[in-house]
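J.: The residues making up each chain are set out below.
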Amino acid sequence: MSRCCVKTGVVGWGAYIPLYRLRSKEIASLWGFDPNVADSIWIEEKSVASVDEDAITMGWYAAKYALVRGGVNPEDVGAVFVGTESKPYAVKPSSTVIADALGISRKKLATDLEFACRAAAEGIRLAVALVSSGSIKYGLSIGSDTAQASPGDVLELTASSGAVAFLIGPAEESVAVFEGLTTYVTDTPDFWRREGSKYPSHGEGFTGEPAYFHHIISSVTMLLEELGLKPSDFDYAIFHQPNGKFPLQVGRALGFPKEKITPGLVTPWIGNTYNASALLGLAKVLEIAKPGQRILVAPFGSGAGSDAMSLVVTDKVLDRVHKAPTVEELINRKKYVSYAEYAKSRNLILRNVG
Amino acid sequence: MTTIQRIWRIKNILLRLISTRCLECGFIAYPPKASCPKCGSRKVVEEELPKVGEVLTYTVINVPLKGFEEFTPLIIGLIKLGDAKVLAELVDVKPEDVRIGMKVVATLRRSTKTLDGVIPYVLKFKPLTLKLNTTT
Numbered sequence: 001m002s003r004c005c006v007k008t009g010v011v012g013w014g015a016y017i018p019l020y021r022l023r024s025k026e027i028a029s030l031w032g033f034d035p036n037v038a039d040s041i042w043i044e045e046k047s048v049a050s051v052d053e054d055a056i057t058m059g060w061y062a063a064k065y066a067l068v069r070g071g072v073n074p075e076d077v078g079a080v081f082v083g084t085e086s087k088p089y090a091v092k093p094s095s096t097v098i099a100d101a102l103g104i105s106r107k108k109l110a111t112d113l114e115f116a117c118r119a120a121a122e123g124i125r126l127a128v129a130l131v132s133s134g135s136i137k138y139g140l141s142i143g144s145d146t147a148q149a150s151p152g153d154v155l156e157l158t159a160s161s162g163a164v165a166f167l168i169g170p171a172e173e174s175v176a177v178f179e180g181l182t183t184y185v186t187d188t189p190d191f192w193r194r195e196g197s198k199y200p201s202h203g204e205g206f207t208g209e210p211a212y213f214h215h216i217i218s219s220v221t222m223l224l225e226e227l228g229l230k231p232s233d234f235d236y237a238i239f240h241q242p243n244g245k246f247p248l249q250v251g252r253a254l255g256f257p258k259e260k261i262t263p264g265l266v267t268p269w270i271g272n273t274y275n276a277s278a279l280l281g282l283a284k285v286l287e288i289a290k291p292g293q294r295i296l297v298a299p300f301g302s303g304a305g306s307d308a309m310s311l312v313v314t315d316k317v318l319d320r321v322h323k324a325p326t327v328e329e330l331i332n333r334k335k336y337v338s339y340a341e342y343a344k345s346r347n348l349i350l351r352n353v354g
Numbered sequence: 001m002t003t004i005q006r007i008w009r010i011k012n013i014l015l016r017l018i019s020t021r022c023l024e025c026g027f028i029a030y031p032p033k034a035s036c037p038k039c040g041s042r043k044v045v046e047e048e049l050p051k052v053g054e055v056l057t058y059t060v061i062n063v064p065l066k067g068f069e070e071f072t073p074l075i076i077g078l079i080k081l082g083d084a085k086v087l088a089e090l091v092d093v094k095p096e097d098v099r100i101g102m103k104v105v106a107t108l109r110r111s112t113k114t115l116d117g118v119i120p121y122v123l124k125f126k127p128l129t130l131k132l133n134t135t136t
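So the protein sequences, as listed, match chains H and Y. Note that UniProt numbering gives residue 353 to position 353 of the first sequence, counting from 1, and the numbers run on in steps of one. Note that UniProt numbering gives residue 83 to position 83 of the second sequence, counting from 1, and the numbers run on in steps of one.
Rather than coming from a laboratory, the hints here were simulated on the basis of the structure. One should not assume that every hint holds.
Unchecked claim - In the DSSO-like style, the derived pairs of lysine-lysine whose C-alpha atoms are separated by at most 30 Å in a straight line are:
| hint | chain 1 | residue 1 | chain 2 | residue 2 |
| --- | --- | --- | --- | --- |
| 1 | Y | K131 | H | K334 |
| 2 | H | K335 | Y | K113 |
| 3 | H | K323 | Y | K85 |
| 4 | Y | K80 | H | K323 |
| 5 | Y | K113 | Y | K33 |
| 6 | Y | K131 | H | K260 |
| 7 | H | K316 | H | K230 |
| 8 | Y | K51 | H | K335 |
| 9 | Y | K11 | Y | K131 |
| 10 | H | K323 | Y | K113 |
| 11 | H | K198 | H | K245 |
| 12 | H | K107 | Y | K11 |
| 13 | H | K137 | H | K344 |
| 14 | H | K87 | Y | K94 |
| 15 | Y | K126 | H | K344 |
| 16 | Y | K126 | H | K92 |
| 17 | H | K260 | H | K230 |
| 18 | H | K334 | Y | K51 |
| 19 | H | K344 | Y | K113 |
| 20 | Y | K11 | H | K108 |
| 21 | Y | K33 | H | K335 |
| 22 | H | K25 | Y | K126 |
| 23 | Y | K103 | H | K344 |
| 24 | Y | K66 | H | K87 |
| 25 | H | K344 | Y | K94 |
| 26 | H | K334 | Y | K113 |
| 27 | Y | K51 | Y | K80 |
| 28 | H | K323 | Y | K51 |
| 29 | H | K108 | H | K92 |
| 30 | Y | K33 | H | K334 |
| 31 | H | K25 | H | K260 |
| 32 | Y | K66 | H | K198 |
| 33 | Y | K11 | Y | K85 |
| 34 | H | K108 | H | K316 |
| 35 | H | K108 | Y | K113 |
| 36 | Y | K51 | H | K316 |
| 37 | H | K335 | Y | K94 |
| 38 | Y | K11 | Y | K126 |
Sequences and hints are given; from them, build the entire structure.
T.: Structure (structure tokens):
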């Protein structure tokens with residue numbers, strides 16, 4: 001075990017996926033994309049948040065069920081971190097709204113973190129450090145996004161909505177115990193959104209090799225070296241999922257077979273939920289994992305950086321899975337909407353009201 | 001539209017469904033009251049309502065108040081939460097699919113903006129479609 005995460009683990013987890021889905025082939029057809037483009041990146045449909053949902057409302061839902069699964073009194077939570085790149089306010093924290101709505105102690109740390117899709121992973125690292133040092137007993141890290149994409153941009157095929165929350169606490173109460181965490185970050189401008197821009201921009205092919213692949217391979221390689229482990233020591237491997245294809249490709253490059261990666265895939269059926277992407281994969285895997293199994297999870301955020309985490313599942317996981325809705329249940333609970341309904345609910349149509 | 005002062009003062013009512021229970025007659029008041037609306041007793045205690053309940057009745061608003069245009073049609077339900085009754089918006093359901101007696105669960109959602117632009121968050125209710133082992 002590395003010194004960064006002594007005696008800490010995941011005490012509870014919660015997920016949220018909005019009810020509505022938009023088929024990727026409808027987007028491709030509307031904008032005249034190559035008919036095979038959705039299949040080529042393995043994206044079947046994406047989740048669509050309602051008109052009254054945002055990163056705060058979805059994060060609240062996920063955090064509520066992380067507390068339920070952990071069986072933890074909200075008054076005992078000492079830190080709340082929200083990783084998002086779709087804050088409802090440019091200036092005003094989301095973490096305080098969620099914390100007050102859940103009845104979490106006022107004596108706490110609370111902040112919103114921004115690092116594209118990996119801010120919530122950094123929130124986990126911060127919570128682990130605080131718990132490990134004895135500063136707090138429990139810390140919440142929430143990843144929640146209503147991802148934006150310019151209409152007609154290829155990004156629109158995948159940019160979706162969802163949230164996940166992890167309650168970090170003492171190892172003896174945990175469903176999975178951390179045994180190592182590494183982070184690798186550089187200045188790599190693969191994806192960005194400037195002040196005042198409604199939609200993000202991206203560097204097309206530049207988002208692949210120098211960004212996603214280089215950073216994930218680097219963080220995972222560092223973790224394997226630090227822990228003296230190899231891919232065959234892991235039962236599951238979960239990577240950030242901007243589409244369904246990249247995680248399989250990066251896994252192959254690192255030596256992880258497809259069958260260890262597919263159990264943690266969510267993006268082909270709900271799209272890229274940004275800060276919730278890889279971490280929803282971790283939640284999904286926790287819901288099927290057996291005690292003693294080892295999980296690798298490696299989120300990625302543009303700009304760019306990746307975190308690699310190794311967790312070992314404990315026997316406490318068995319009792320907690322069905323205390324709250326599972327990721328699988330949330331993926332399967334869905335209603336399809338048209339592009340027009342999606343455009344209305346995601347505020348893509350300018351109206352003269354009020 | 002409301003104001004930031006008002007939603008800040010009543011945020012525990014909007015976000016956590018804080019009510020008052022009368023220690024004399026047991027009546028639950030939502031929103032909470034300083035004295036019991038039923039027997040007049042001032043012996044009341046604050047209590048958080050359950051978040052799972054059922055629809056007692058509902059109405060559909062097709063011509064909304066100013067500021068609520070994007071939520072139309074607006075479904076307002078009278079929800080039974082334990083011994084309390086609460087008026088709240090129903091979401092994630094079409095008007096034709098709402099049923100009296102339908103089980104619903106609270107979900108945090110945005111309401112319309114305040115006059116100052118602040119977003120009020122409130123608990124609305126959606127159909128209970130997944131098994132929950134909690135009512136809190």
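J.: Could you run down the list of hints and mark each one as holding or not?
T.: Evaluation of the provided hints:
1. K131(Y) to K334(H): Judged against 30 Å, a Cα distance of about 15 Å means the pair holds.
2. K335(H) to K113(Y): 27 Å, holds
3. K323(H) to K85(Y): With a Cα-Cα distance of about 26 Å, the restraint between K323(H) and K85(Y) holds, given a limit of 30 Å.
4. K80(Y) to K323(H): 23 Å, holds
5. K113(Y) to K33(Y): 26 Å, holds
6. K131(Y) to K260(H): 29 Å, holds
7. K316(H) to K230(H): The hint holds at about 26 Å.
8. K51(Y) to K335(H): 23 Å, holds
9. K11(Y) to K131(Y): Status holds; Cα separation ~28 Å.
10. K323(H) to K113(Y): Not satisfied, since the Cα-Cα distance of roughly 35 Å exceeds 30 Å.
11. K198(H) to K245(H): Within the cut-off at roughly 27 Å; holds.
12. K107(H) to K11(Y): Holds. K107(H) to K11(Y) sits at ~18 Å (cutoff 30 Å).
13. K137(H) to K344(H): 43 Å, violated
14. K87(H) to K94(Y): It holds: about 28 Å lies between the C-alpha atoms, which stays within 30 Å.
15. K126(Y) to K344(H): 20 Å, holds
16. K126(Y) to K92(H): At roughly 27 Å apart (the allowed maximum being 30 Å), K92(H) and K126(Y) satisfy the hint.
17. K260(H) to K230(H): 13 Å, holds
18. K334(H) to K51(Y): The hint holds at about 22 Å.
19. K344(H) to K113(Y): Within the cut-off at roughly 17 Å; holds.
20. K11(Y) to K108(H): 19 Å, holds
21. K33(Y) to K335(H): This hinted pair is violated, its Cα atoms lying about 40 Å apart.
22. K25(H) to K126(Y): 29 Å, holds
23. K103(Y) to K344(H): Judged against 30 Å, a Cα distance of about 28 Å means the pair holds.
24. K66(Y) to K87(H): 25 Å, holds
25. K344(H) to K94(Y): 16 Å, holds
26. K334(H) to K113(Y): Holds - the C-alpha atoms of K113(Y) and K334(H) are around 28 Å apart, at most 30 Å.
27. K51(Y) to K80(Y): 10 Å, holds
28. K323(H) to K51(Y): Between K323(H) and K51(Y) the Cα gap is close to 15 Å, so the pair holds against 30 Å.
29. K108(H) to K92(H): Between K108(H) and K92(H) the Cα gap is close to 17 Å, so the pair holds against 30 Å.
30. K33(Y) to K334(H): At roughly 40 Å apart (the allowed maximum being 30 Å), K334(H) and K33(Y) break the hint.
31. K25(H) to K260(H): 28 Å, holds
32. K66(Y) to K198(H): Between K66(Y) and K198(H) the Cα gap is close to 25 Å, so the pair holds against 30 Å.
33. K11(Y) to K85(Y): 19 Å, holds
34. K108(H) to K316(H): Holds, at roughly 27 Å.
35. K108(H) to K113(Y): Since the Cα atoms of K108(H) and K113(Y) sit roughly 28 Å apart, the hinted pair holds (cutoff 30 Å).
36. K51(Y) to K316(H): 26 Å, holds
37. K335(H) to K94(Y): Holds, at roughly 11 Å.
38. K11(Y) to K126(Y): 20 Å, holds
Hint compliance for this structure: hints 10, 13, 21 and 30 are broken, all remaining hints hold.
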